[in-house]
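Letter by letter, the chains look like this.
Protein chains: 2
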Amino acid sequence: MLPPAQQPIPNIPDSGLKKVVIVGGGFAGLKLARKLKSGPYQVILLDKNNYHQFQPLFYQVATAGLEPSAISFPLRKIFHNTPNTIFRMAEVHSFDSRMKRLYTEIGFIDYDYLVLAMGADTNYFGNKAIEYFSVPMKTVSEALYIRNKIISNYERAINIEKMDDRKSLMNVVIVGGGPTGVELAGAMADLRNNVFPKDYPELNFSNMKVVLIEAGPKLLAAMSAESQQHSLKYLNDLGVEVMLDTKVHDYDGETVKLERKDPIHTHTLLWAAGIKPNYIEGLGQEHYAPNGRIYVDEYNEILGENGIFVLGDVALLREENYPKGHPQVAQVALQQAENLGKNLLKVAEGKERKPFHYKDLGSMATVGRKRAVVDLPFMKFQGMMAWLTWLFVHLMAILGVKNKLFIFMDWAWNYLSFDPSLRLLIKPKYVRASERKELIEEK
Amino acid sequence: MLPPAQQPIPNIPDSGLKKVVIVGGGFAGLKLARKLKSGPYQVILLDKNNYHQFQPLFYQVATAGLEPSAISFPLRKIFHNTPNTIFRMAEVHSFDSRMKRLYTEIGFIDYDYLVLAMGADTNYFGNKAIEYFSVPMKTVSEALYIRNKIISNYERAINIEKMDDRKSLMNVVIVGGGPTGVELAGAMADLRNNVFPKDYPELNFSNMKVVLIEAGPKLLAAMSAESQQHSLKYLNDLGVEVMLDTKVHDYDGETVKLERKDPIHTHTLLWAAGIKPNYIEGLGQEHYAPNGRIYVDEYNEILGENGIFVLGDVALLREENYPKGHPQVAQVALQQAENLGKNLLKVAEGKERKPFHYKDLGSMATVGRKRAVVDLPFMKFQGMMAWLTWLFVHLMAILGVKNKLFIFMDWAWNYLSFDPSLRLLIKPKYVRASERKELIEEK
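Quick mapping for you: the protein sequence lines, in order, are chains A and B.
Going left to right, the first sequence walks through residues 1 to 443 as this note's numbering numbers them.
Going left to right, the second sequence walks through residues 1 to 443 as this note's numbering numbers them.
It is worth saying that the hints were derived from the structure and are not from the lab.
Among these hints, one or two may not hold up.
Said to hold, decoys possible - Below are the DSS-like pairs computed for lysine-lysine, each with C-alpha atoms no more than 27 Å apart in a straight line: (1) A:402 x B:370; (2) A:261 x A:346; (3) A:233 x A:167; (4) A:198 x B:370; (5) A:404 x B:404; (6) B:149 x A:402; (7) B:18 x A:198; (8) B:19 x A:404; (9) A:198 x B:35; (10) B:257 x B:128; (11) A:247 x A:261; (12) A:149 x A:209; (13) B:167 x A:77; (14) B:128 x A:198; (15) A:276 x A:233; (16) B:162 x A:19; (17) B:19 x A:48; (18) A:162 x B:77; (19) A:18 x B:162; (20) B:37 x A:198; (21) A:149 x B:149; (22) A:167 x B:77; (23) A:167 x A:149; (24) A:404 x B:18; (25) B:167 x A:48; (26) B:18 x A:48; (27) A:162 x B:380; (28) B:19 x A:198; (29) A:209 x B:77; (30) B:354 x B:370; (31) B:19 x B:37; (32) A:402 x B:198; (33) A:77 x B:19; (34) B:402 x A:149; (35) A:35 x B:198; (36) B:77 x A:198.
What the hints assert, rightly or not - In silico negatives: residues of chain B with every beta carbon more than 12 Å from chain A: (37) 16; (38) 67; (39) 104; (40) 167.
For every residue, glycine included, the Cβ atom is placed at its ideal position computed from N, Cα and C.
With these hints in hand, go ahead and build the complete structure from the sequences.
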């Protein structure tokens with residue numbers, strides 16, 4: 001990261017409006033910016049990427065079903081013809097709440113309202129070896145890395161004579177029995193069952209294990225008992241080895257050591273076992289919960305700070321039914337952003353703000369082709385119908401007509417052909433010579 | 001590159017058939033492998049990538065119109081259900097024509113027939129400074145790099161206060177007036193005219209130059225005078241500065257120095273001015289022309305070597321109308337591969353081979369939206385009709401129904417919306433910690 005620049009961010013038009021500065025273009029930050037786009041504010045949206053990422057479909061990028069571009073949306077394009085919304089690609093460093101100033105790598109900016117919506121990253125719970133050797137999946141880059149890694153493992157495996165030496169390249173171990181882990185395991189098993197044997201006829205895929213490890217006693221702990229049981233059954237049907245009540249102890253890049261169980265050999269340990277909020281300097285320790293979330297009141301505002309709001313994964317807002325805060329999921333982020341947007345518009349009109357109340361719309365997860373589990377407030381269902389519901393809901397949630405159309409076609413194609421076709425090892429191998437580290441050092 | 005391994009490539013099934021080993025899965029290598037797939041040979045296809053690249057559309061990847069996956073085809077997928085065709089992803093080192101053995105990074109393989117179809121790479125004509133600072137476009141990785149580079153230049157430019165300091169980040173200079181240079185210049189001008197001003201309302205794009213530099217007196221030197229004149233007119237209409245009879249003298253990453261003309265400031269110099277054949281050790285110098293191509297007879301065979309063939313950009317086959325060899329284009333590669341495929345099948349049946357004759361089917365180039373130039377053997381035409389012809393011909397040449405469909409939809413969308421939507425800076429930023437060089441060195 002570059003050090004924070006010591007001049008104001010250049011070329012921000014002087015609108016005369018109050019400034020709302022939003023850190024992060026995820027579900028919460030983007031929703032809020034859209035909500036405010038015709039309001040009486042100048043909105044400055046900052047993100048370290050120039051695109052919004054649709055996290056629920058990362059696992060399909062990792063398993064060659066969708067292209068990164070299908071689930072990534074250029075933020076500038078979203079704000080065409082909205083002159084009061086300014087986007088800048090920048091890493092954010094810290095803020096000074098007394099001066100009402102935010103510091104970033106491209107300069108500082110003075111705000112009237114600051115919104116912290118920087119989401120969460122992977123949590124390794126302090127295990128350095130796992131952090132060092134495993135692969136996370138919290139960005140579209142990481143999802144693409146997983147795809148490339150698995151394909152290159154098979155390209156390596158095919159050149160190894162002895163079957164035993166090949167196994168660790170072929171096995172895939174996923175840690176974390178939440179929706180991400182379950183969806184990833186199901187999609188990996190589909191690839192093993194339907195696709196890889198055709199791609200690599202020289203390899204025997206009955207030797208390839210797909211293992212899903214969960215520390216707790218259940219998969220999908222936040223869902224209903226029906227969903228938990230069905231998802232376990234579906235994974236078993238697909239040939240996924242599900243290990244519940246199992247803790248990963250250590251990993252050296254080749255062998256996963258488990259507490260009280262036999263080790264598993266794999267080059268590919270995918271870590272989907274926990275998240276921790278991203279951190280920006282500027283607040284006293286008293287504002288932080290032990291898990292790194294920031295305490296906010298019912299308006300998503302930080303108590304005692306002047307005009308600083310927190311949304312989504314980073315916010316810890318205690319409601320009657322959620323004494324430990326809300327689940328760190330997209331629905332909460334979106335609803336909080338919606339409420340804050342309305343409140344900021346109310347404030348401008350001198351009206352009273354409304355406190356946030358979370359409305360749980362339900363949750364769902366897919367497990368391979370044609371199977372999913374759905375918990376709605378009024379009903380629960382599983383199987384093919386749940387899968388179609390999952391497809392429909394995610395398609396509707398995707399931004400933009402073009403992306404909807406292309407994802408729909410990709411899904412239809414993959415479904416009919418049993419053959420997601422994106423098994424390309426397009427590594428960004430090319431780097432201009434003048435930017436290559438080894439060449440620069442030689443000079 | 002890894003050193004050549006000293007054992008045979010493992011896991012090649014013993015078919016009892018004669019082995020045809022093909023180096024390179026480009027137009028020629030892929031065509032030949034497909035031609036032989038039900039013949040009496042075991043075909044081993046080697047490529048350093050696991051996909052075939054459709055080079056004529058690289059410029060659309062570079063200008064955010066198409067995804068890399070739309071023009072890249074997993075080679076393994078193409079050879080599903082063809083047990084006598086084996087694919088391996090490997091870099092090739094050298095061959096020993098007396099032993100009939102080819103050395104690669106994954107082992108050696110003994111061949112009956114060796115086919116060299118490794119294509120060509122960028123030629124900087126010995127200018128190290130240009131090689132160091134400019135960007136080539138001979139792979140899909142490089143095309144993607146160009147896209148990312150241009151987008152990140154604008155994200156940087158927007159944070160620069162003074163207009164003069166911004167210009168060099170905004171200008172794009174393309175060297176080489178062949179089809180690649182012309183198509184790239186047209187598409188860049190389209191982006192400048194239609195897309196970037198909406199993405200970056202704070203920047204003034206009348207300050208952005210798109211410059212096309214050609215050392216010779218004409219654009220598209222291999223095409224008709226009509227096509228040359230029309231393409232120049234179309235580029236002028238789009239606001240491209242075309243500089244003919246202009247030689248690039250030097251480049252330091254910021255300033256392009258020209259012979260006898262004012263220098264141009266740019267961070268982005270795209271080099272499409274020449275190619276040179278890729279090289280594999282194993283042949284005496286007498287087989288090479290000064291430009292690096294390998295002399296072959298009318299059967300694409302190297303004289304005096306036993307069963308070594310050369311196809312496409314690497315081959316130098318002199319015909320009556322082509323005393324200096326054929327142009328280094330896809331059509332020649334495809335026709336040579338077709339002929340060699342037929343000849344190898346004839347040889348297996350004890351029949352006589354046919355010499356190669358090139359049939360020039362014509363050539364074409366697009367210049368931005370709705371305009372192209374087409375030279376066919378029986379007629380020449382330009383404009384909208386030529387553009388539709390260009391679209392149709394390229395769509396038909398693309399492998400696979402899915403890719404055809406998706407590219408067609410992308411084109412239709414981009415055409416109707418004036419808004420190619422792939423302006424994503426998805427850098428493969430993520431690398432697993434255990435693979436990061438700086439961390440490994442720290443350890």
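Taken at face value, is the distance from the CA of residue 198 (chain A) to the CA of residue 19 (chain B) at most 27 Å? holds, 22 Å
query = Does the alpha-carbon distance linking residue 149 (chain A) and residue 149 (chain B) stay inside the 27 Å limit?
reply = Answer holds: residue 149 (chain A) to residue 149 (chain B) is near 25 Å, not above 27 Å.
- prompt: Do the alpha carbons of residue 261 (chain A) and residue 346 (chain A) lie within 27 Å of each other, as the hint requires?
  reply: Given pair residue 261 (chain A), residue 346 (chain A) is violated - Cα atoms ~57 Å apart, limit 27 Å.
Report holds if the minimum CB distance from residue 67 (chain B) to chain A is greater than 12 Å, and violated otherwise.
For residue 67 (chain B), whose nearest Cβ neighbour in chain A is about 5 Å away, the distance does not exceed 12 Å, so it is violated.
Margin query: Hinted pair, alpha-carbon criterion (27 Å max): residue 18 (chain B), residue 198 (chain A). Please report holds or violated.
Written below: holds, 24 Å
Item checked: Satisfaction of hint between residue 198 (chain A) and residue 128 (chain B), Cα-Cα up to 27 Å -> violated, 45 Å
Pairwise hint evaluation, residue 261 (chain A) against residue 247 (chain A), where the allowed Cα distance is 27 Å at most: Between residue 247 (chain A) and residue 261 (chain A) the Cα gap is close to 9 Å, so the pair holds against 27 Å.
Note to self: Against the 27 Å threshold, does the CA-CA distance of residue 404 (chain A) and residue 404 (chain B) hold or violate the hint?
What the structure shows: OK: residue 404 (chain A) and residue 404 (chain B) at ~19 Å, within 27 Å.
Would the hint linking residue 402 (chain B) and residue 149 (chain A) be met if the CA-CA limit is 27 Å? holds, 25 Å
Would you check the hint for residue 149 (chain B) and residue 402 (chain A), treating anything up to 27 Å between C-alpha atoms as holding? Holds, because 25 Å separates the two Cα atoms, which is no more than 27 Å.
Holds or violated: residue 149 (chain A) and residue 209 (chain A), Cα atoms, limit 27 Å.
holds, 16 Å
message: Verify this label for me: residue 16 (chain B) is non-interface relative to chain A, using a Cβ-Cβ cutoff of 12 Å.
response: Holds, since 17 Å exceeds 12 Å.
Hints 2, 4, 8, 14, 15, 17, 24, 26, 27, 30, 33, 38, 39 from the earlier list are contradicted by this structure; the remaining hints agree with it.
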